[in-house]
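Use the sequences and the hints to build the structure in full.
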Amino acid sequence: MSPSAEFLQYRGDGTTRAGRRATSPPGEDSVYLASPDLVHAVNAALVLEQPLLVTGEAGTGKTALAASIAAELELGEVEVFAVRSDHHGRELLYEFDNLGRFYDAQVQDPRARDRSNYLHLGPLGRAFDAPTCQVVLVDEIDKAPRDFPNDVLHALDRMELDIPELNKKVPARHRPIVVITSNEESQLPDAFLRRCVFHFIEAPDRAQLARILDERLRGIQLVAGLGERILDRFLELRSVEGLLKKPAVSELLTWVRVLNGAGITEDQLTGRLGDLPYLGTLLKTRPDFGRLRPDQA
Amino acid sequence: MLPLSDLLSVLRERGLPIGVHEHLTVGRLLERWQSVDSAGLRAALAAVLARNSAEVRLVRETFDELYGPRQKSVRPPPPAHLRRPPRRRWGRMAGLILAFSLIANSLAKEKLTQVVVPQTVTAKPAPKNEPPDLIGKTGPQEEPPISETFEQVNWKSALEVAAGLALLILLWLNGTRLQREACGLARRLWCRELDSLPRPYAYELTLGRLAPAFPAAVLDLAARLLGRAPAAARPDDLNIDRSLERTLHAGLAPQIVFQERSSPLELLVLQDISGEMRPWRRPVNALLAGLSARGVRLDIWHYHADASIVFRSPGRHAVSLERLASLRVGSPLLVISTGEGLPTGREGRLASWIANLNAWQSRAWLHPVTDASYWRPQLRQVATKVWPLTPGGVIAAAHHLAAVKASPRTQYSVFPDRPVVPLDVDRMRWLLSLAPRRDPDLIELLRQKFFPRMPPAALLETLEAAPLPDQLGSLPQPVEIHTFLADLLAATPPESGSAAHERWLLDRALQEVHIPSRRDEGLDRLQTLASGPLVGEVETAAGRLSGKRLQKLRKAIYKRAVEDGLAAATLKGRRRRLRWPDRFELSAAFLCALLFVWGFSRWLVDPQAVELIRLYNLEVINQDGRGPVVLRVTRRPRAPVIADLYRQNQKLKSLVLQGDFTIERASRGNWYYLWAWTGADHHRLAASNSVWVRAKGGQVEAAVPGGVMPPATKPRPVDTPSKAEPGPTEPLSDRNLVGPAPVPSFSSASSPMPPFGTLTILGYPEDLPPQLLHISGGLGMPSEGILWNGEALKLAPGDYLLVVHTPLRSLALAEVTIQDGSAARIKIAEEKIGAVRQSLVKSTPGGTGPRITEVTPDFQIHMLTIGARVAPKGNYSIQGDHFDASAKVSFYPLPDGLYLDHCQIQPEEIQCEFFIEHPLPRQWGAPDFIEVKVVNPDGRYAVSTVYLGSSR
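So the sequences go chain by chain: B and A. Going by this note's numbering, 150 is the number at position 150 of the first sequence; the sequence numbering is gapless. Going by this note's numbering, 22 is the number at position 22 of the second sequence; the sequence numbering is gapless.
What the hints contain is simulated information worked out from the structure, not anything from laboratory work. Among the hints, erroneous ones may be present.
Covered, in the sense of this in silico footprint (three residues per stretch, anywhere, with C-beta under 8 Å from a C-beta of chain A), are these stretches of chain B [as the list claims (entries may be wrong)]:
#1 42-50
#2 188-195
Pair by pair, the computed Cβ-Cβ distance ranges are [as the list claims (entries may be wrong)]:
#3 B:23 with A:175: 40 to 48 Å
#4 A:57 with B:206: 18 to 26 Å
#5 B:19 with A:168: 48 to 56 Å
#6 B:203 with A:176: 24 to 32 Å
#7 A:329 with B:170: 55 to 63 Å
#8 A:313 with B:157: 20 to 28 Å
#9 A:95 with B:157: 56 to 64 Å
#10 A:5 with B:28: 42 to 50 Å
#11 B:9 with A:313: 18 to 26 Å
A partial selection of chain B residues facing chain A, derived with a Cβ cut-off under 10 Å [claimed, not checked]:
#12 37
#13 53
#14 56
#15 60
#16 95
#17 198
These numbers were taken from a predicted model, which means no experiment stands behind them. All C-beta atoms in this analysis are idealised placements derived from N, C-alpha and C, irrespective of residue type, glycine included.
Right, here's the structure in full:
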């Protein structure tokens, strides 16, 4: 399925509409490879002009997806808003520095006369004001207070920047492409979920992992057979029951880089899972270590 | 109907919060997207409708249920001769296996029933030239034969075959699954490849030769009637008659009167855009466009079957019909619909929104199906006049809306000349089977070209399967139609390099392969396309090709398509690997194996020897007296209580033998005997001796001495008792046989029967019946496996070699010569069996070697007492001195007929009593020992072996 001509189309294969390589993040020499289901979900969000809510295990590429969309669709840099638990929805649009203005007024700074000098646009506000369509990443929305998601949707519905401090309303020039990530640590409001296009990024299978390794580790020449062994051991490790944090793609990439740098051979990857070299790049919690190395627990 | 409303309603039933927002979202999604493959639509719908991963799965599963592969019917149904054999034949195969099993089971039952029941052979009737009483006077008839064998299911073979069958089925199902998975993956990859081709994905046919749906004159007339037509009066046209009249009336003062300007009517159109209306889109659009082009102001609203909600265009603002009525009540209303939304509910009640149509004073309904017999009966209840969408119907509706009386001289009839007949339907289906796609306009073009007199309403039936062309009477040659379609396709090439172009090439090639002059070109094109992203569609299309010359190509294309597709998908290595069978495959294999065992196992039978045991004694009383002859039956212990009484070869009745049993009034001149199967395995036959009840005045003896029936199917020599002296006996030569004792011989000179002698074998002890293992020589002799109960064996004169086996495992060989009338008697030598003993072998894990302990065998009283000191103090290396009283003792194997009665376990001694149902039959290869295992509660144990015969 693909969107009709008047809508942008995301391909998920790391190429732009002109056929160039869409490296993400910019500056790196690798591209983001999306699964077909993820591609369809992104395209659904594009044609429906709805935010795309992406969930999945940590390290499966939720955040990198926004950069991939921006790179493939040639929409410039991503406006990132990393959510904290004390954020409010308005901060996604703008912040008004009342305190700065008060200070400037105290010091007789002429800038204080113009209140617009103290307006700082947030990521969504900048996207509204941008001359072209922008990608806005709202990262880890599950950390935000409960009202935050609905504030985001409210702003997107109105498609305008309402600044009561300046007593003006600025209509959005373009509807931004909003990518929202969540680790599902808290339940999001139903109304918010209904108005988002949802996608859960599954852990990639072996073939997809091989493709990702080929793409992301272009500069690394692995010894023949080592890559296969690494994938075997990695998938074996993921299949261990009871791990609190299963290693994901990002951990795999790090592990491969470390193994390559340390000159680990294929033979050194045999034996128990607990004896794998540089296991710390894959496992991040002490209970997980204890599970694989009961003698050291 | 809203788009995908069935999917959304099912999802709502399954708990998803589907509301108006979701309906509109899905509608918007479908409006803005072009569908290329269902997988993409499935993923996009899941992303739009779901809120978590569980709901994603639910949406995908529901989508598969509703729009899965089994509901795909994009292509027209091919005629029967083009149909591919169905791929999934496992259901049919399972049915066949079940049917075969049922038949085999019933046949096997019958077969086994015939085998198990003793086969009584009817005695030959007496020759007609002989007097009937001659038989009774000259001697007894032949004894009825008994089947030597019975057939027993060979469970080992049956299970082996069933396991092999299950394995084959597993492999077959697994291979099928692998092929299905591989093809599925390949198809997805083909779709992806196809998706990567430039747009457009489908090509449009230019049907320039299609006749207009309505003649221009009809549209002109309708438009004029509706108030705005090119021929309508212009505002500056003079009304000459009125002008003259006014001028005259005004005293010749010039008065100018213009023609009255017709007031334009804004026609409100309610256009149904439900699925049923899709085939009629062209004439409806032609009508509306024609009216609009002629100046008729149209206010068009759409609805999906149910007009309670109408909208300008899908996805746009919707209003209720009631609200529309309040806004546009002054306009005449034209409804164009098949009335799909008229019936509601299961009872087919008239929809409530119909009542809202009455708000319009002037209203008309146009039905696109021109044959009124296809109209819904609910249309009769609508208070609106309905006309078919024919030229005459349009004009009539225009007259009605403009409140102008119709001219009776109109040249257009409202309904077509004739209704749709079954032949039209068949022809339409046939046309559809030839067309490259299910396009209503294309079918209409074919109809106009090849069957112009056929009513267009026949298109309604195109959803059904196409019949065979030869049933359709005179039809145009398919080549002509294929040529027409190929030319039509060739005239409208899409943009080169696009996916539509590939599909266009495929459709064109599929038409050309049916045209003899272009066949080679079409085949080459098909082969070329089979190497591209359309390989899946080529495979499907090639599967429908038929004809001898196309068979090879079809196979080649299919093979190449699969190979190329799979090679492109890098599946070559994967598809051949066996996967672990899933639950379905295991269940199917197990079920088939079970069915096989149930149905066919009875055919895998082995003949088993029938063992005859004499457990009844039949005695004739008062044979020579005047009164009735009485038969007295004596039943030995453990013999079956119920036995069948036979006279000659026919079963008389079943007897319950309690105590001394007599049979009164036995008829003379007949053989009598009893038999009964012992146990459930039907291999032991408890039988009586057979007795001959002499006819009155007959010359023969009443009873045959010692006549247990040997199991032979051949007629045996007729027993002719004689009062003559016994003949000379022959000496025995074996070491184990005592030499022949002189017994009185009897003469058979006066007997009319063939010559014979008798042989008596005595066992040791004498009550213990020996087994005649082998006898060779003579004629008509049984071979082996005969239990001998000490009765005299009737043998024809000759030299015989005997091999006799006693229950105590002592073999005896003897040569004996039987003469006519002789009565030989051989006895197993006592001194050779003096060493009869049971051996007790004792072993422990440490292994101290065997030790033989004498025990007392006692078979004669049908009771065996094994007294074994299992753990004599200090003699063996068993840890610990004594067995506890709570030790457990087990025996293995227990020979058939030998049962453990009870065991008395004491320290240092175990006494067990066995119960013997009857004398134990001994056969070669049968276990002749019992392994006794005693286990102490503390885990120590001892194993002893007690032989049931003499020491080896």
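| chain A over the segment 42-50 of chain B, status - at least 3 residues with CB closer than 8 Å | Satisfied; 6 residues make the cut.
| field | residue 9 (chain B) paired with residue 313 (chain A), Cβ distance criterion 18 to 26 Å | value | Check passed, 24 Å falls within 18 to 26 Å.
| said: Just to be sure I understand the hint, the distance between the Cβ atoms of residue 5 (chain A) and residue 28 (chain B) should be within 42 to 50 Å; is that true here? | reply: Given range 42 to 50 Å: holds, Cβ gap about 46 Å.
| field | Range hint compliance [Cβ, residue 23 (chain B) to residue 175 (chain A), 40 to 48 Å] | value | With Cβ atoms ~44 Å apart, the hint holds.
| task | Grab the minimum C-beta distance from residue 56 (chain B) to chain A and call the hint holds if it beats 10 Å, violated otherwise. | result | 9 Å, holds
| Distance restraint evaluation - residue 329 (chain A), residue 170 (chain B), Cβ atoms, bounds 55 to 63 Å | Violated, at about 45 Å.
| At the C-beta level, are residue 19 (chain B) and residue 168 (chain A) separated by a distance inside 48 to 56 Å? | Since the Cβ atoms of residue 19 (chain B) and residue 168 (chain A) sit about 52 Å apart, the hinted range of 48 to 56 Å holds.
| message | A range of 20 to 28 Å was offered for this pair. Does it hold for the Cβ distance of residue 313 (chain A) and residue 157 (chain B)? | response | 23 Å, holds
| query | Does the Cβ-Cβ separation between residue 95 (chain A) and residue 157 (chain B) fall within 56 to 64 Å? | reply | Given range 56 to 64 Å: holds, Cβ gap about 59 Å.
| field | Supplied distance hint 18 to 26 Å, evaluated on CB atoms of residue 57 (chain A) and residue 206 (chain B) | value | 22 Å, holds
| request: Classify the hint on residue 198 (chain B) as holds or violated, based on whether any CB of chain A lies nearer than 10 Å to its CB. | output: With a closest approach of 5 Å, the residue 198 (chain B) hint holds.
| Interface hint compliance - residue 95 (chain B) to chain A, C-beta minimum distance less than 10 Å | Since chain A brings no Cβ nearer than about 31 Å to residue 95 (chain B), farther than 10 Å, the hint is violated.
Hints 7, 15, 16, counting from the list given before, are not met by this structure.
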